[in-house]
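When you get a sec, could you build the whole thing from the sequences and use the hints?
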Amino acid sequence: MAPVIPSAKLTLKYGLYACDFDPLDADRLICGGGGGASRTGVGNAISVLNTSNNEIRLSSEIELSRDEDSVTTLAAGQRKGRTTLVYAGINSSEEDIAKGKNEHFRVFGVDQASKAKSATGPKIAELSRSSFFSSKEASTYQRLLRLSPTTSETTHQVGAAATGATGLSKSGDIAVFDVSTTGSLGPKLRGKLELSKEAMDLDITQVGDDAWQLVYCDDYELHVMDIGKKTCHDPSPVYEMTQDEAIGSKIRPSFRSVRYLTSHSVMTVSNLPKAGGAILHGFRLPANSDQAKARLAASVVLPKNVTRATGLAVRNLSPPSTPSAPQGNTQFAIAVAGQDYSVSLYTMDYQTLGDIGLMANLHPITTLKAVHPSPISGLAFSHFIPPKSGTSRAAPTLKLASIGSMGNTVVVHALPLRRLPDKSASARRGGPPRPQRYVIALKSHGPSPAALLVVTAVVVCLLAALLQGVLEVRGLSGPVVGARRVVPATWQSPMRGGGGGGVAAAGAQGGAGEFLTGLSARRGGDGDAVVLSAEGAEVRVDAHDAERYGDAREWGDLPASQKAAWKERLEQAGHWGEEMGEAVFKGVLFADLAGAVGHMVGG
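The sequence shown begins at 25 in the numbering used here and counts up by one.
One or more hints might be untrue.
In the DSSO-like style, the derived pairs of lysine-lysine whose C-alpha atoms are separated by at most 27 Å in a straight line are [unchecked claim]:
| hint | residue 1 | residue 2 |
| --- | --- | --- |
| 1 | Lys212 | Lys160 |
| 2 | Lys253 | Lys317 |
| 3 | Lys160 | Lys123 |
| 4 | Lys194 | Lys123 |
| 5 | Lys160 | Lys254 |
| 6 | Lys254 | Lys317 |
| 7 | Lys274 | Lys221 |
| 8 | Lys147 | Lys37 |
| 9 | Lys123 | Lys254 |
| 10 | Lys328 | Lys254 |
| 11 | Lys298 | Lys328 |
| 12 | Lys221 | Lys194 |
| 13 | Lys393 | Lys412 |
Cβ-Cβ distance ranges computed for the label pairs, FRET-style [what the hints assert, rightly or not]:
| hint | residue 1 | residue 2 | range |
| --- | --- | --- | --- |
| 14 | Ile380 | Ile275 | 29 to 37 Å |
| 15 | Leu487 | Pro397 | 34 to 42 Å |
| 16 | Gly67 | Ile380 | 13 to 21 Å |
| 17 | Lys194 | Gly65 | 32 to 40 Å |
To be clear, the hints were calculated from the coordinates, so they are not data collected in a lab. Because the structure is a prediction, the values reported are computed rather than measured. Beta carbons: idealized from backbone N, C-alpha and C, even for Gly.
Take a look at the structure:
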């Protein structure tokens, strides 16, 4: 039975295309979208939502110009005082773009809500406009935007934005920039990458005190670029999707989304051609991207109902205290949006062994079906801040927000968490207690052994039936599967058995002809003849006993019914065939068969 996950839903007045949680407030969700520059009557806006108490409330909203494009990307960043900085991608008006002026990168400030009861919601104001890309095509827009992680003490972040196009253009650009809470609030461009293939997705993370790394993917390749304090290195391809990865298929998956797990590992979701399904891949990145390649460390195929993935979100539940600190044991929450408006939830354990990080237990929790009435255009996890001991009685949760582009819907699911002692940290007597970490309280499910057991049972049964058939044909077993009835007589060996003065063709090895032609030479020590008799399906060979086989006769003395019965019995036993004729019966005595032909058919 699927677990019940609390959720809340809100419908806004415009289509939603981007969302992100405030990194310092897990209850605050910021969304953006709109109808663009068309005259549909649907405006453009950015909304601030309060998601506390298992409900969604509109806290504040800013309406944007209807002459400009809708909000296409959005990322919540650091705070300057009591103001959260929000970065968005919004194309200028078509008239301005035609003139070569497209101030597509916007900075907004969202103030903290006042505690006064009479106060209105937090104020939202535009603070800055900038331009990274100089295309004069209105079809080109800022399609991707990501920022490096932030904390309450962060004053500087590095971000990346990439272009997209609504037409057939396959090339694209990536801009790398700095944003800061000190000095100007506008971005400072670090550099641009001109790509021959448009980036499908990208992400950025901080790997040291003054070091960052960008990862991006096109259809089939994964690239990373190291970023220093003042320099940007050239990007390096670290992985190319091949035809036999993960599922052993001859078809080639294509990358759809990528997210950092740690500073040395990423998670991707890929789609198979022709809506053939989707796959999650976990990659371990090389320590030196100039010389080594990424290695596939984990993978799982999404449920069959997901024929194409449309989005990916990942959250580290126990991130390191500083960018330069090593990552300890942790669990990752993973969400994948599907083309059927569903969201598939997974967890994955990350275990450290010395300097090596191991990905394990990439297993599904559940699939949230029909979350929205329209395609899902965005996914975002809240930033989990562990509660201080004794400060909260409420069970902690990790929130997952999803938005619908056409249904104007926002849905927030609250995933319960539970505290887990970190057994990797040793406890000292009289010292501080072991640090605690949190994991998803819902149980994940590994691959079911049922299918493997069924296949194994079927294979064993088939092998047993085949072996039984071979034994029957070789005359080593009585009829069970009826193999002697379906194979040619020339393939069969005489039936073998024990008891009395002889056995059923006990001395006859080889084919059917050898059995009968050798009987005339088989005499007892006193020169007695041999007699063929039948017991059930077995043909027996015995020394002649007048008391037991007084009615035994030579072949020529048998009536026609007995001859027909004996021919059928010997043919079924694999000792005779029509092509052998009756000459092989010379010199052999035959006991009467009860029931003649009818008895033989019944046997």
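Now the hints, each set against the structure:
1. For the suggested pair Lys212 and Lys160, the alpha carbons sit about 22 Å apart, so the restraint of at most 27 Å is met.
2. Using a Cα cut-off of 27 Å, the hinted pair Lys253 and Lys317 holds, with the two alpha carbons roughly 24 Å apart.
3. At roughly 7 Å between alpha-carbon atoms, Lys160 and Lys123 fall within 27 Å of each other, so this suggested pair holds.
4. Taking the CA atoms of Lys194 and Lys123, the gap is about 23 Å. The hint holds against a cut of 27 Å.
5. Among the hinted pairs, Lys160 with Lys254 is inconsistent with the structure: their alpha-carbon atoms are about 30 Å apart, more than 27 Å.
6. Restraint check: the Cα-Cα separation between Lys254 and Lys317 comes to about 26 Å, which is no more than 27 Å; the hinted pair holds.
7. Taking the CA atoms of Lys274 and Lys221, the gap is about 24 Å. The hint holds against a cut of 27 Å.
8. Taken as a hint, the Lys147 and Lys37 pair is honoured in the structure, with Cα atoms around 19 Å apart against an allowance of 27 Å.
9. Note on Lys123 and Lys254: the hinted pairing is violated, with a Cα-Cα distance of about 33 Å set against a maximum of 27 Å.
10. Note on Lys328 and Lys254: the hinted pairing is violated, with a Cα-Cα distance of about 47 Å set against a maximum of 27 Å.
11. Of the pairs offered as hints, the one joining Lys298 and Lys328 holds, with about 14 Å between alpha carbons and a cut-off of 27 Å not exceeded.
12. Between Lys221 and Lys194, the direct Cα distance comes to roughly 5 Å. Compliance with the 27 Å bound is thereby established for this hinted pair.
13. Taken as a hint, the Lys393 and Lys412 pair is broken in the structure, with Cα atoms around 35 Å apart against an allowance of 27 Å.
14. About 32 Å separates the C-beta atoms of Ile380 and Ile275, a value consistent with the hinted range of 29 to 37 Å.
15. Taken as a hint, the range 34 to 42 Å is violated for the pair Leu487 and Pro397, whose Cβ atoms sit roughly 52 Å apart.
16. In this structure the hint that Gly67 and Ile380 lie 13 to 21 Å apart at CB is violated, the actual value being about 52 Å.
17. Between Lys194 and Gly65 the Cβ separation comes to about 34 Å, which falls inside the hinted range of 32 to 40 Å.
When held up to the earlier numbered hints, the structure conflicts with 5, 9, 10, 13, 15 and 16 and fits the remainder.
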